[in-house]
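Student: Sequence:
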Amino acid sequence: MTMDMSEQRYHIEVDVEPAYLDDESEPEEDRFVFSYTVTIRNMGDIPARLISRHWIITDANGEEREVRGEGVVGEQPHLEPGRGFRYTSGAMLETPVGSMHGTYELLADDGVTFTAEIPPFTLAGPRTLH
1 MTMDMSEQRY HIEVDVEPAY LDDESEPEED RFVFSYTVTI RNMGDIPARL ISRHWIITDA
61 NGEEREVRGE GVVGEQPHLE PGRGFRYTSG AMLETPVGSM HGTYELLADD GVTFTAEIPP
121 FTLAGPRTLH
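Under the numbering used here, read the sequence shown as residues 1 to 130, first letter to last.
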């Protein structure tokens, strides 16, 4: 069996845990607020710095909003192999259900820029999904 060494060298895992923020939401005003906690782990062989993020946020009406920016929560964490970074951020929707996905751009210590996928996840208020 042949292993693709490039995948081994540059491999980031992303896990997301979303939560509905009842105290900050106002359903009667079409304001649904969510937090999401992201854990980013460098499973590759080379240290890398998270340079930027690109999110695609979709509400239940199919309206898409893109968010791009440097780093995450004001930081550009440097991830050593086997190490991770965890942060919490938030999103607001006009519908009680939506989804998010995207990518992180990273710069490895050897000068290679690569992308890590943020897998799609659902944002759902209480009693909205069966």
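Any given hint could be a false lead.
To be verified - For each label pair, taking beta carbons as the anchor points, the in silico distance ranges come out as: (1) Asp109 <-> Thr88: 20 to 28 Å; (2) Arg65 <-> Asp110: 33 to 41 Å; (3) Glu17 <-> Gly74: 37 to 45 Å; (4) Ala60 <-> Gly111: 41 to 49 Å; (5) Val112 <-> Gly82: 15 to 23 Å; (6) Thr113 <-> Glu28: 42 to 50 Å; (7) Glu28 <-> Gly82: 22 to 30 Å; (8) Glu75 <-> Leu21: 33 to 41 Å; (9) Val97 <-> Asp23: 17 to 25 Å.
No lab work stands behind these hints: they were computed from the structure.
Every residue gets a Cβ at the ideal spot worked out from N, C-alpha and C, and that includes glycine.
Student: Work down the list of hints and note, for each, if the structure agrees.
Tutor: Tested hints:
1. Asp109 <-> Thr88: 20 to 28 Å: Hint holds: Cβ distance 27 Å, inside 20 to 28 Å.
2. Arg65 <-> Asp110: 33 to 41 Å: holds, 35 Å
3. Glu17 <-> Gly74: 37 to 45 Å: Hint violated: Cβ distance 20 Å, outside 37 to 45 Å.
4. Ala60 <-> Gly111: 41 to 49 Å: Holds, at about 42 Å.
5. Val112 <-> Gly82: 15 to 23 Å: holds, 19 Å
6. Thr113 <-> Glu28: 42 to 50 Å: 45 Å Cβ-Cβ, so the 42 to 50 Å window holds.
7. Glu28 <-> Gly82: 22 to 30 Å: violated, 47 Å
8. Glu75 <-> Leu21: 33 to 41 Å: Violated, at about 22 Å.
9. Val97 <-> Asp23: 17 to 25 Å: holds, 19 Å
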